[in-house]
Amino acid sequence: MAQTNKSKQEVWPTESLFMSPEMLKAYREHLLAEKDPNRPWIIVCHGTGCMANGSVEVAAALRASIKEAGRNISVIPDIKTTGCHGFCSRGPLVILQPSGIFYQRVQPGDCKEIVQTTLIENKPVERLLYKDPKTDEPIIHHEDIPFYKNQLRVVMHNIGKIDPTDIRDTIMAGGYEALAKALYQMKPREVVEWVLKSGLRGRGGAGFPTGQKWLSAIQAVERKGGPVYIVANGDEGDPGAFMDRTLMEGDPHAVLEGLIIGAYAIGAHQGYIYVREEYPLARKHLSIAMEQARKHGLLGTNILGSGFDFDIQIVRGAGAFVCGEETALIHSIEGKAGEATPKYVFPAESGLWEKPTIINNIETFCNIPLIINKGPEWYAGLGVPNSTGTKVFSLVGKVNNIGLVEIPMGMPLGDLVENIGGGVPGRKRFKAVQTGGPSGGCLPYELRDTPVDFDSLSKAGSMMGSGGMIVMDEGDCVVDVARYFISFLMDESCGKCLPCRLGLKSMYQILDRFSRGEGSVSDIDDLYSLAKAVQDGSLCALGGTAPNPILTTLKHFRSEYEAHILDKKCPAGVCKALITYWIDQEACTGCGLCARNCPQNCISGERKKAHQINEALCIRCGMCLDSCNFAAVKVV
Amino acid sequence: MSKEHKDIDDIIERYPGRPEYLIFLLQDIQAAYNYISPEAMALVCDHTGVPLTQAYAVATFYKSFSLEPKGEHEIKICQGTACHLKGSVRLVENLSRELSVRPGGTTQDLKFTLETVNCLGACALAPVAVIDDKYYAKVTARKLDTVIKKIAKE
Amino acid sequence: MKAEIKSTKKIIRFMINDQAVEAEEGWTVLETARQYGIHIPTLCYHEAVTPSGACRLCVVEVFEGNWSRVVISCMYPVREGINVLTDSERVKNVRRWILEMLLAECPASEEIRRLAAEYGVTSTRFEIKNPEEQCMLCGLCVRVCKEVVGVSAITTVGRGVHKFIGTPFGKPSEVCVACGSCVTVCPTGAMQARLDRVRGPVTGPR
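Protein chains in written order, with numbering that gives the first Met the number 0: chain P, 0 to 635; chain G, 0 to 153; chain H, 0 to 205.
No lab work stands behind these hints: they were computed from the structure. One or more of the hints may lead you astray.
Derived pair list, reagent style EDC-like, types lysine to aspartate or glutamate, alpha-carbon separation capped at 16 Å [stated by the list, open to error]: (1) P:Lys34 with P:Glu221; (2) G:Lys75 with P:Glu276; (3) P:Lys354 with P:Glu221; (4) G:Lys149 with G:Glu73; (5) P:Lys531 with H:Glu60; (6) G:Lys137 with P:Asp625; (7) H:Lys170 with H:Asp195; (8) G:Lys133 with G:Glu73; (9) P:Lys79 with P:Asp143; (10) P:Lys633 with P:Glu614; (11) G:Lys110 with G:Glu73; (12) G:Lys152 with G:Asp108; (13) P:Lys24 with P:Asp168; (14) P:Lys34 with P:Glu21; (15) H:Lys91 with P:Glu417; (16) P:Lys335 with G:Glu92; (17) P:Lys554 with P:Asp625; (18) P:Lys531 with H:Glu88; (19) P:Lys575 with G:Glu92; (20) G:Lys149 with G:Glu97; (21) H:Lys91 with H:Glu63; (22) G:Lys142 with P:Glu276; (23) H:Lys8 with H:Glu23; (24) G:Lys133 with P:Glu56; (25) P:Lys354 with G:Glu19; (26) H:Lys8 with H:Glu60; (27) H:Lys170 with G:Glu38; (28) P:Lys427 with P:Glu376; (29) P:Lys554 with P:Glu585.
From chain P, some residues computed to sit far from chain H (all C-beta separations above 12 Å) [what the hints assert, rightly or not]: (30) Arg126; (31) Asp131; (32) Ala319; (33) Ala339; (34) Tyr343; (35) Lys373; (36) Glu376; (37) Gly413; (38) Gly460; (39) Ser537; (40) Asp583.
These numbers come from a predicted model, not from an experiment. Think of the CB as a built atom: it goes at the ideal place given N, C-alpha and C, for glycine as much as any other residue.
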């Protein structure tokens, strides 16, 4: 296993152990030199969304079509499968490099044409290009598409470009340079200073200053001794949020590098990455990355020859949202039920096995290499003063461009929905945006100028949370959404404390009554008072923030609640007890499809004549709505 | 029976005999046998030194463990917010009615287990269903019906 | 009644309801309050076992400088200079809602009915699922069996609203020594009803 970085005829076995930053650098240069500058490559997005939509088959079809074309292609391109590009609503995505031609909604059957038209004839396939919804003009290059143009992809800079299962891609892109710098050019305390100066705040939801957290762990060790542990929280459970999944799947080495640097800063030698049960691909990519990193001496004993030892164990979640809460997570790693315990003494002081423990979110760790590489001043220059840097959001719901986006902190909410989200399909404006998941609040259209940063969102009554942004339109009922979130949390509550276990159930009962048109206006005031009790009395943040969706919707949409209770109407047409399904007699063609699919057999009518629904028997299951090809079934 | 015992022994030997490996062991047993039997749990407790009550508390606390055998085919309907807004509740109700099974339960013939799962992170494809680890995007009640009928015939 | 503190531990001076009090470092607010005869209601607290913070009835509001925080006194460590209010508006609100919800959760418990009445809560608007229920899942039985008796015969089963106290697989416990500690610490009498299920039928010398 001899390697010298002097000879040009060097041989680099894939398992070469890097014993110094110089060796890492030399390997990187070697890889870059080996790359054929004339060889193009084709990226096929392999994020979970695109894979579920068939991108694996697309990649296979591309390979087959390229093989078939054989010599007709002047230079055979590489096929590179990468993590999530973020434009999930347009997947499967295919991007040709270095030209940057962007194809969306690609099917396996399109690949022959791509090979013929683009690879051989050098022309774009028009129908696969993204078209601006307003002008219908096709946009060829992906950096010109507003969805991408208006983002600032800094944390996600590698995702969509590298193959996450091949460490060489990461190394060529500069991976582990920050680690080398930290280990060889900085003292641990200096690393903490840089993180403090950068202004980085936790990306998991609470937004606690990361540098301060690390410092308190160091101080705890000085007071009571170690060992100290470091944990990456990948238990991303907010429904509608998939930022951490994308980071773990698409750039696992960024997670590892941030975690190793953090360990060096606080003096930890054992770390954990807690990955949610529902993310098998993330665990797979992290495992592969860890194995490759170990082989190169970037993880394990004597990292990069520096003498620093640190290794990581992946802990797999077992299906409990509450384990995203720090104390519950700690208990889970200890092999116990994920019940929360009061944080009058922080985990930084007493965590895993009562030792000082630092727990940070996955995205938080991914920010660390950037801060080390480019300096805290650069980082603090992004975003806004109390919320520096960028944030990754999952923009979902009633928005044209559903997907994963990264923006500098401080962008107005409305801009995010319009300029990046492409607005609400079929409507002029959104009704509300739910930020922060079940712990957050609904911000109405009137608050669209609210900057998306920690403090502005809190002031507006919501919170940043982990980054889920759910856009709602007039067809979404706030009472139903509040009930949905409470029902979710009720299911996920650990059940230990009364305000949460009983309180969520009780709030749900009241909301359920509202959704059936029952209850009185004084119930609204009682709900508010109960919500305050749950907020104040709950043991952990699950119960403590559970009332937020209720409190914000009550504040901004009180009239909608009153419509349910006083008018017995659901303006959005959602709450089952308050809506009626009926068939538009003009539009109905009498095809009978709805009647055949009705489980209650409550639709009657003669062939080719308008049908009718028997309201008394209708259970509002929606089968008729799904079946009708003529939009004749209506909900009111 | 003894082969099964040996198989469980193989799983148990994968991890050190310490309490923090309780969940790792239960996960591997769940993956291998589709449920956790009292015998398996007792073996895990012997190995890790964890009292039976703690193992039982853990097995009933976390959703991914089942104390009863699951069905041949697992149908998972995502309950994430995006899916909820696109009608996942109705999908679950329809399936529950058609298969005569409560969410979380298994059909009498042990063919299907119907589960509601937390957000899978594929929100652009809402509503999402996963059947036997295969993802189905933008499902409707009819689409699900077709897939399930096809599987039932196999 | 002020306690005489004879120790070398650091003395913490703070206030409860604007009254000056002293405690040793490491004490909780509840322990201090009891030393001074200041009443704070509890249900899931017992000197024999570690506190768990489940019932939340012992909430107090801690004022420090500009901010205040509602915390549970059974686990909150005393701190220099804080002013603890045991009956602030926020505290009263938390208590009365917990008690009203408990009336629906454990309708058969006399103790809870009495405690609720003390705080003016005599009826509940919430659904009563089981009119015979007395268990409020304070966990005292589980903790005493684990920490004091050391056999861990019972446990909480399940999660969230479906949680209950039971034995593995619902079978009578093989490790229960029938000491009755769980019944002794149970604040509502619920354990008395469950004991036979835990202990199993008594058929002769064990």
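Q) Given the hint that Lys91 (chain H) pairs with Glu63 (chain H), does the C-alpha gap stay at or below 16 Å? A) violated, 19 Å
Q. Taken at face value, is the distance from the CA of Glu92 (chain G) to the CA of Lys335 (chain P) at most 16 Å?
A. Not OK: Lys335 (chain P) and Glu92 (chain G) at ~34 Å, beyond 16 Å, violated.
Q) For the pair supplied as a hint, Lys75 (chain G) and Glu276 (chain P), is the alpha-carbon distance within the 16 Å limit? A) holds, 14 Å
Q. Holds or violated: is the Cβ of Arg126 (chain P) farther than 12 Å from all Cβ atoms of chain H?
A. Non-interface label stands for Arg126 (chain P): nearest chain H Cβ at 50 Å, farther than 12 Å.
Q: Evaluate the condition: distance from the CB of Ser537 (chain P) to the nearest CB of chain H exceeds 12 Å.
A: Its Cβ does come within 12 Å of chain H, the nearest being 8 Å, so this is violated.
Q. In terms of Cβ atoms, is chain H entirely out of 12 Å range of Ala319 (chain P)?
A. Ala319 (chain P) is in fact no farther than 12 Å from some Cβ atom of chain H, at 7 Å.
Q | Agreement of Lys152 (chain G) and Asp108 (chain G) with the hint, judged by alpha carbon distance not exceeding 16 Å | A | holds, 13 Å
Q. Is the Cα-Cα distance between Lys34 (chain P) and Glu221 (chain P) 16 Å or less?
A. It is violated: about 49 Å lies between the C-alpha atoms, which goes past 16 Å.
(Q) So if I understand the rule, the pair passes when the alpha-carbon distance is 16 Å or less; does Lys149 (chain G) with Glu73 (chain G) pass? (A) holds, 14 Å
Q) Do the alpha carbons of Lys34 (chain P) and Glu21 (chain P) lie within 16 Å of each other, as the hint requires? A) Not OK: Lys34 (chain P) and Glu21 (chain P) at ~20 Å, beyond 16 Å, violated.
Q. CA of Lys8 (chain H) to CA of Glu60 (chain H), is that 16 Å or under?
A. violated, 26 Å
**Q.** Given pair status - Glu38 (chain G), Lys170 (chain H), alpha carbons within 16 Å
**A.** Judged against 16 Å, a Cα distance of about 14 Å means the pair holds.
Figure legend: structure checked against the earlier numbered hints; hints not met, in rising order: 1, 9, 14, 15, 16, 17, 21, 22, 26, 28, 29, 32, 33, 34 and 39.
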